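Asks: Protein sequence lines, in the order shown, are assigned to chains A and B. At position 338 of the first sequence the residue is numbered 338 (the numbering used here), and the sequence of numbers has no breaks. At position 95 of the second sequence the residue is numbered 95 (the numbering used here), and the sequence of numbers has no breaks.
What the hints contain is simulated information worked out from the structure, not anything from laboratory work. Warning: the hint list may mix true and false statements.
No copy is singled out in the list; a pair is fine if it fits within one copy or between any two copies.
[Claimed, not checked] In the DMTMM-like style, the derived pairs of lysine to aspartate or glutamate whose C-alpha atoms are separated by at most 25 Å in a straight line are:
#1 K232 with E163
#2 K169 with E77
#3 K193 with E123
#4 K267 with D8
#5 K169 with D142
#6 K380 with D63
#7 K66 with D298
#8 K11 with E77
Predicted model, so just to flag it, every value in this text is computed and none were measured.
Number of protein chains: 2
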Amino acid sequence: MISEKMKDLVKNNSVIREMFEEGKKLAEKYGKENVYDFSLGNPSVPAPKKVNDSIKEILDNEDSLKVHGYMSNAGFEDVREKISKSINNRFGTNFSTENIIMTVGAASGINIILKSILNPNDEVITFAPYFMEYKNYVKNYDGKLVEISPNVKNFQPKLDEFESKITEKTKAVIINTPNNPTGVIYSEETIKKISKILEEKQKEYGHEIFIISDEPYRELVYEDVEVPYITKYYNNTFVVYSYSKTLSIPGERIGYVVVPNEMEDSKNIITAITIANRIIGCVNAPSLIQRALIECVDEKVDLSTYNENRNLLYNELKKYGFECIKPQGAFYLFLKSPVENDMEFCNKAKEYNILFVPGSSFACKGYVRIAYCVSTDMIKRALPAFKKLADYYGV
Amino acid sequence: MISEKMKDLVKNNSVIREMFEEGKKLAEKYGKENVYDFSLGNPSVPAPKKVNDSIKEILDNEDSLKVHGYMSNAGFEDVREKISKSINNRFGTNFSTENIIMTVGAASGINIILKSILNPNDEVITFAPYFMEYKNYVKNYDGKLVEISPNVKNFQPKLDEFESKITEKTKAVIINTPNNPTGVIYSEETIKKISKILEEKQKEYGHEIFIISDEPYRELVYEDVEVPYITKYYNNTFVVYSYSKTLSIPGERIGYVVVPNEMEDSKNIITAITIANRIIGCVNAPSLIQRALIECVDEKVDLSTYNENRNLLYNELKKYGFECIKPQGAFYLFLKSPVENDMEFCNKAKEYNILFVPGSSFACKGYVRIAYCVSTDMIKRALPAFKKLADYYGV
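In isolation and in its complexed conformation, chain A is listed as follows (with noise of 0.2 Å):
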């Protein structure tokens, strides 16, 4: 009855369904103050104030047929250009209208680049420890995707590995910096390295790699640290954007596609990706709060109850002997396991009422996420229970 790509991942999703209804029970068990859940990626500060009041004027003032009606399958044209006009502002690029895609946020925006790009069994590269869902996106078009293996001394990427795993086939790399799960930002060194190699490999084999470089927690950075604009180091690169973070609107799934004209066939590319996302179903972003953008387009979340979070979470997990690296950005804490096993670690924080993702989920073991997007008041209360894993683990 299910199509055989689906099948595996209708058997596996049970297996976090029972994780989900463990968490539910718990609470039920415990009361819902005593189990601590840093297992979602949903951000814990409200939307500013300026999107609801952009929305509420809009609905006041233009037309409803435009508010909401369609327009391009690439988005309204205002809006692009208020946002293109943002990023050469902050980024010294020199983008217009037609380099702006609107999408129904980044997951889309990956989706119909790679629709647009890979022919079955193309490879694309990504470097662990990655976000899961790239592998399924890959897969959407009977691409490969190809891990290269975590760095777990500072989690920047291992550029050796990169370069020996880059093939014929290769025909794109995917980035995502700050980084979901460490809140690592790959410095502009690093950036540059992976020009140069992929600028060579380019040559060797005659066609095109394009970096994709996924950033929705780009204006989630909490130290004084730049996260390099990627276009301005490699042509071939496609931006995506997604202000699910930025603005706290997850739910609205809105989001951006860059496609500088400075790679190679940008025109074509521009078509066959506005193309992809009408035929994958989207049609077009979401067109009230594409609407609202062109009051937000400058605007970002308060971030200091997250970086609160951040100082307080890492400084006391260090104290009770946990390991791990203080994010620079995004809202997650790659922890290091006790044990090796980073199931069974999972399994011991939740006797303890403390929800966590394992690393093996993002092609890393021995490790876990701990999302801290969540009311400084609950790590709070959720810190004698880390305390005691520790004492637990005897860290």
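We have chain A; now place chain B onto it with these hints.
Replies: For chain B alone, kept in the frame of chain A given last:
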């Protein structure tokens, strides 16, 4: 650079773009008010007041983190419950929350169903004339769309041909009633016959054959005709619904899929299409407009303008000598071309500043689709041009 699957689409897109550019040129040359564009299915009647009122109320009263946040990939439970109850009230069905999966419009709904059930080379049958995107949707999952030739007498489906074209490979049948582009509604008798044929073929081949009922025009019905609710006639039916036309909000991308419990293996199918919703990149239907449905689930646009347009255009065009059947639903009129080559007819009409779409784009040569979701005033201004066109052809 561009994937093999997308190459033809990119090439053909420029043809459509040329038509579009030509329309713009006409408007520049003769003034926008002297160009009569009947090519697009973009609603011309604004959303019911309650839509915007509900959105504003939600923004004022509900928690921002909930309104704009992630929810289950299948959608908010309270929204799905409300929809299931509304369907049950109106059609005597017996759905509950889990039978409803919220989607990014009907286009996404069809995509996630096809992704969940199609293996490469599986066949999906549909009746010409049909919405041309079906072909792309089926191709997305390496299936093959099999057309049943049009019955130009009354545009009801040709059931003999249908029965003869069902094979071992047939996985699904897409029906669309009220129909785009003809405005025809399938009678209960027709639905019963289709169901009977499929029941027998399921037995013959020993596997399920699904009906995918694409119903964006369900509420756009002008005469006292019932649009049968397909799950009541055939267990293995997916209903694909969209609020685009019902509420005049096509840009918002909001709809749902119904999977009845009576469907074979329904629980796994529900899981599969929910996962497909996630991994093709939609993740979930946009959250704010989902929540607005709670208050708007039984609203619909004022049909009086569409009905006035329908009567005016039908009566006048008949009077001028054109041939067409009177549409009972949707907002299209399917006119017989006075010459065999419908593209030639479209080009001639353009000389009179009238734009419509050739029937060949719906797999039905010799016809054109006139979208009358425009202002009545534009129709009145266009009538002399239609008269001249009739005179030119001496119909």
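Asks: Against this structure, judge whether each hint is valid.
Replies: Hint check:
| no. | hint | result |
| --- | --- | --- |
| 1 | K232 with E163 | within (21 Å within a copy, 59 Å between copies) |
| 2 | K169 with E77 | neither (36 Å within a copy, 44 Å between copies) |
| 3 | K193 with E123 | within (20 Å within a copy, 48 Å between copies) |
| 4 | K267 with D8 | between (38 Å within a copy, 15 Å between copies) |
| 5 | K169 with D142 | both (13 Å within a copy, 21 Å between copies) |
| 6 | K380 with D63 | between (48 Å within a copy, 23 Å between copies) |
| 7 | K66 with D298 | both (23 Å within a copy, 23 Å between copies) |
| 8 | K11 with E77 | between (43 Å within a copy, 23 Å between copies) |
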